[in-house]
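Keeping the supplied structure of chain H fixed, place chain U upon it in accordance with the hints.
Protein chains: 2
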Amino acid sequence: MSFHGADLEMIKRKYKIEKNLMDFSSNINPYFPENVEKISLESVKYLNDYPDIEYESIRNKISKHINYIYGCNLSKKNICVGNGATELIFLITRLEKKSRIGVVNPTFSEYERAVKISGNIYVDIKMNEGNSGFELDICEKIDDLDYLFICNPNNPDGKLRDITNIVKICEEKGTKLIVDETFIEFCEEDKKYTALNYDYKDIFVIRAVTKFYGLPGVRFGYVLSKNERYIQRMWDIKEPWSVNTFAEKIVCGILDDYNFAKNTKEFYFKERNYLLNNLHNINGIKVFDTDSAFLLLRLDDTLKNINSKKLKKIMILKYGIVIRDASSFDGLNDRYVRIAIKKRKDNKALICAISEIINGTMKEDT
Amino acid sequence: MSFHGADLEMIKRKYKIEKNLMDFSSNINPYFPENVEKISLESVKYLNDYPDIEYESIRNKISKHINYIYGCNLSKKNICVGNGATELIFLITRLEKKSRIGVVNPTFSEYERAVKISGNIYVDIKMNEGNSGFELDICEKIDDLDYLFICNPNNPDGKLRDITNIVKICEEKGTKLIVDETFIEFCEEDKKYTALNYDYKDIFVIRAVTKFYGLPGVRFGYVLSKNERYIQRMWDIKEPWSVNTFAEKIVCGILDDYNFAKNTKEFYFKERNYLLNNLHNINGIKVFDTDSAFLLLRLDDTLKNINSKKLKKIMILKYGIVIRDASSFDGLNDRYVRIAIKKRKDNKALICAISEIINGTMKEDT
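Chains H and U supply the protein sequences, listed in that same order.
Read in order, the letters of the first sequence correspond to residues -17 to 348 in my numbering.
Read in order, the letters of the second sequence correspond to residues -17 to 348 in my numbering.
Just so you know, these hints were derived from the structure itself, not from any lab.
Values in this document were obtained by computation on a predicted structure and should not be read as measured data.
Check each hint, because a few of them may be wrong.
What the hints assert, rightly or not - For each label pair, taking beta carbons as the anchor points, the in silico distance ranges come out as:
| id | chain 1 | residue 1 | chain 2 | residue 2 | range |
| --- | --- | --- | --- | --- | --- |
| 1 | H | Asp144 | U | Met(-8) | 35 to 45 Å |
| 2 | U | Lys20 | H | Asn55 | 39 to 49 Å |
| 3 | H | Glu171 | U | Glu78 | 42 to 52 Å |
| 4 | U | Tyr52 | H | Glu0 | 53 to 63 Å |
| 5 | H | Asn287 | U | Glu16 | 36 to 46 Å |
Stated by the list, open to error - Pairs of lysine-lysine residues, derived as DSS-like cross-links and limited to a Cα-Cα distance of at most 27 Å, are as follows:
| id | chain 1 | residue 1 | chain 2 | residue 2 |
| --- | --- | --- | --- | --- |
| 6 | H | Lys325 | U | Lys27 |
| 7 | U | Lys247 | H | Lys27 |
| 8 | H | Lys43 | U | Lys(-4) |
| 9 | H | Lys183 | H | Lys79 |
| 10 | U | Lys(-6) | H | Lys58 |
| 11 | H | Lys80 | U | Lys98 |
| 12 | U | Lys108 | U | Lys183 |
| 13 | H | Lys98 | U | Lys80 |
| 14 | U | Lys27 | U | Lys(-6) |
| 15 | U | Lys327 | U | Lys268 |
| 16 | U | Lys244 | U | Lys46 |
| 17 | H | Lys27 | U | Lys327 |
| 18 | U | Lys208 | H | Lys(-4) |
| 19 | U | Lys46 | H | Lys(-4) |
| 20 | H | Lys1 | U | Lys292 |
| 21 | U | Lys174 | U | Lys247 |
| 22 | U | Lys79 | U | Lys155 |
| 23 | U | Lys27 | H | Lys20 |
| 24 | H | Lys46 | U | Lys43 |
| 25 | H | Lys208 | H | Lys79 |
| 26 | U | Lys327 | U | Lys300 |
| 27 | U | Lys292 | U | Lys325 |
| 28 | U | Lys183 | U | Lys(-2) |
| 29 | H | Lys(-2) | U | Lys43 |
No residue lacks a Cβ here, since even glycine has one placed at the ideal position from N, Cα and C.
For reference, chain H alone in the conformation it holds in the complex (with noise of 0.2 Å):
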C-alpha cells in the first residue's frame, strides 16, 4: 500500500473521527462540471456491456481538445488512456527491465515505487533548494539514463518549470523524457512551458482530467506522445478495460467545457495570490512560490517545538483541516508540508489555523 494526500478515509479511522474534515491534503478542484450527474445517469445504460476495449471515442475526443488549446496534431494514434495518471507511469515502466530510470526529486512518490516495482534501476536525481525553491540544475547529473520523469508543475511545491535544456540533452543523450503535466492546467503559463511544445519525438507527456475537473473519484488519466510506436507498446502490453464506462463517458462529456475551464482558471489564479500573501505574513515560515493547486511549506528551523508531523496532527484534531505531511517525500524532511488550495471561506480557516498554531508555538519556544 503506498501514501498519499487524500485518504481521509483512513485519518478518520485512525482519529475515530466522524464528522467531515477539510481537505487540503488532496490536490483537487473543489468544484467539477454540472453536467456529471446527468451523464452520470444516461451511463447507467451502457453498463451491461464492456468499455469500448479501444477506447476510440475518449481517444478521439482528447486529440481535438489537445489539439484545440495547445495547436499541436495529435491523432488518437499517439494517445494510450488509463485509470489515473497512476495506471500510465506504472505502465511506462513496465516498457523495459533493467533500464536506468531517473527521477526529479523531490516529487511525487509513486514514479520510484512504480520503478522499483517494474524491476528497473532507479536513479535518484536531486535538485538543490535554493532561496527561491528547488532549481533544476540537473542536466549534469543526466548521464546514461534510458528514461527520465519529471513532474511540470513539480508535485510538492507546485512550480512550473522551463525544460527546455533537459529536453535538449535527453535528445543528445538518446533519454526517454517522461513529463507528468498531470497539474499543468491549472497554471497560466501551461501552453508556454508544456512539453508538447518540443519536437524531441521521445518524450510521454502524461495528463490527468479528473484533477482539474474536481472529479479524483471517477480515475482517468491519458499519455500523449509523438511517437507512436511507444504509444502502440502501451496498449500492447496494457490490462484491458481499465477506464471503466462512467469514466468513460464522463470524461468525454467535460473535456469541451470551455467555460468550466476558463472559471477554475481564474478561481485558482485569485485564490493563489490569496493565500500566497497571507502565508507570506506569517512569520516563522516559508513559503515556496507555486503556479499550481498547491503549495509547499518549510517551518523555519527555529520553531523547535513543532514538525510537520505534529503540525498535521494539531490542525486535525484542533481544526479538522487536513494537510499534507511532506516529510516522506524524497529530499524532503519533517520540516515540510504541503497545501492545496481551496476555496476562499476554507483557506481563510487554513490561514487562521496555521497562524495561530505557529504563533503558539513561537511563545513556547521563547
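This is chain U only, laid out in the frame that chain H set:
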C-alpha cells in the same frame, strides 16, 4: 492490445454496422439489479474525493457476503480488490519474477499474457479433449511449478470441475494455486466445488462481481486467500485507487441483493438447458456440456465449407448476432466457437441462425 469477446464497438467499426448487435460473445448476465441507477446518482456527491485507498467498506462487505454464502471465516485481511478480475490476474503474476507459472489450457488468454508480460516463465498445461469434453487429468504434468492458474468453471467450455486432486498435488509440491472463479456464481454447484472449501492456504481465489450482476461497464473483481501474507504483498505492489467511486458504491449496494442472485441462478438454469437441448438437435456440431453462463461448440470436420471465422462473420452480417470465434484459445482451432447464454428470445434467434447456416453448409457440401 488483447482481443476478447465483447469487443462490439470494434466489430461495428470493422463492418461499418450502425444498428445494435445481439451479443453472444460476452458472458454477461443480461439483467442487472434495479438499484444501480439510484446508487450511481448518489455516487456523484462522492466524486470530488478519491476513493478510499484501503477500500475498507467494500472489503468488509465482501467478507460478510462470502462468509454468509460459503460458511467461510474470512476478514478484510484476506481480500484484495481490483479493476475487474484482470487487474488481479496481472497483479498476482507480478508477485514474482522468473517463476515457473503453469496455465491449464484451453482457457482465458489473459493468464498467458500476464505471465509473459511480467517476465515469468509460462508453462502450457493442456487438457486432453475426450468424448465428454476436456479432461482434467493433468496431475502428472504439474511439476516444479511455482504457481498454477486454473479457471473453474473454465472459459471457454463453461465446465465446473472437481479440482481436489490438483489442490492435493499443489500442496505437496508447494505450488501456489490461482483459481479463477469468475463464473462460479452462475453454477448450480458452486458451493460444492469452490476452492474456498480447501484448507490449503496458498490458494488465490479470483472472483468478479460485474459478470454475474450484469455490469461489465463497472469493472470490479476481488481475490480471496487464506494466506494473509500474500494478500498484503498484493496491496504492497498494487497501483492505488484502481477501483473508482462508482464501482465502490455500486458493488457495496448490490452484493446483498440475494433475491437478484436467486433469480439469476434460476434464469441461467432454465436457459442453459433450453440452449443445450436445442443445440444438441442440430446435426453437424458437437455441443460441450456446461455448468455456467456460456458454452462451447465444435463444427464437425465434415463441414468443409465453414469454419469458426466464417460462421462468426455470417452471423454478424446476416443475423446481427455476435459469437466468439474460439480459434484463438491455445489448444483449440478454427472448428470452435463460444456462445453466451442470453434471454429466451435471443437464444431462439441464435438457434435458428446456427441451424440455418449449418444446414445450408451441409447442402453445399453434398
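Holds or violated: are the alpha carbons of Lys46 of chain H and Lys43 of chain U at most 27 Å from each other?
violated (42 Å)
Between the beta carbons of Asp144 of chain H and Met(-8) of chain U, is the distance compatible with 35 to 45 Å?
Between Asp144 of chain H and Met(-8) of chain U, where Cβ atoms are some 42 Å apart, the hint holds.
Agreement of Lys80 of chain H and Lys98 of chain U with the hint, judged by alpha carbon distance not exceeding 27 Å
holds (16 Å)
For the pair we were handed, Lys327 of chain U and Lys300 of chain U, check the Cα-Cα distance against 27 Å.
holds (17 Å)
Holds or violated: Lys46 of chain U to Lys(-4) of chain H, with C-alpha atoms at most 27 Å apart:
holds (23 Å)
Pairwise beta carbon distance, Lys20 of chain U to Asn55 of chain H, judged against the given window 39 to 49 Å:
Holds, since Lys20 of chain U and Asn55 of chain H (Cβ atoms, about 44 Å apart) stay within the stated range.
For the pair supplied as a hint, Lys(-6) of chain U and Lys58 of chain H, confirm whether the alpha-carbon distance does not exceed 27 Å.
Distance ~18 Å between Lys(-6) of chain U and Lys58 of chain H Cα, so the pair holds.
CA of Lys292 of chain U to CA of Lys325 of chain U, is that 27 Å or under?
It holds: about 25 Å lies between the C-alpha atoms, which stays within 27 Å.
Kindly confirm whether 42 to 52 Å is satisfied by the beta carbon distance between Glu171 of chain H and Glu78 of chain U.
holds (46 Å)
Are the Cα atoms of Lys98 of chain H and Lys80 of chain U separated by 27 Å or less?
This hinted pair holds, its Cα atoms lying about 16 Å apart.
Going straight from one Cα to the other, do Lys174 of chain U and Lys247 of chain U come out at no more than 27 Å?
Roughly 15 Å between the alpha carbons, so the hint for Lys174 of chain U and Lys247 of chain U holds.
Next pair to validate is Lys(-2) of chain H with Lys43 of chain U; report whether the Cα-Cα distance is within 27 Å.
holds (20 Å)
In this structure, the earlier hints numbered 4, 5, 14, 20, 24 and 28 are contradicted, and the remaining ones agree with it.
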